[in-house]
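Model the full assembly from the supplied sequences, consistent with the hints where possible.
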Amino acid sequence: MGGGLTQRSLADKGIELTMGYTIPETVTTKGPFQPMRFEATVEECIVTHGEIPQDLAGGFYR
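In the working numbering, the protein residues as written are 71 to 132.
If a hint is listed, it holds; no wrong ones were tucked in.
Cβ pair distances, simulated, as ranges:
{"id": "1", "residue 1": "Thr118", "residue 2": "Ile85", "range": "40 to 50 Å"}
{"id": "2", "residue 1": "Cys115", "residue 2": "Gly84", "range": "40 to 50 Å"}
{"id": "3", "residue 1": "Cys115", "residue 2": "Lys83", "range": "37 to 47 Å"}
{"id": "4", "residue 1": "Ala81", "residue 2": "Pro123", "range": "28 to 38 Å"}
By construction, these hints were calculated from the structure, which means they are not laboratory data.
Think of the CB as a built atom: it goes at the ideal place given N, C-alpha and C, for glycine as much as any other residue.
Right, dumping it as structure tokens:
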């Protein structure tokens, strides 16, 4: 085995990997303006402008 970084080797050093980042708390990210994290399935979605990339893995919302 090589000496590369792995999730386990980082955890052994007290470093935790997460799947995101912390959103800073400002006036524009609190109350009704705070970001929402959710999971949803959209079926039969009509694309009215542009194309959905074939290799898209995840979601993009505007």
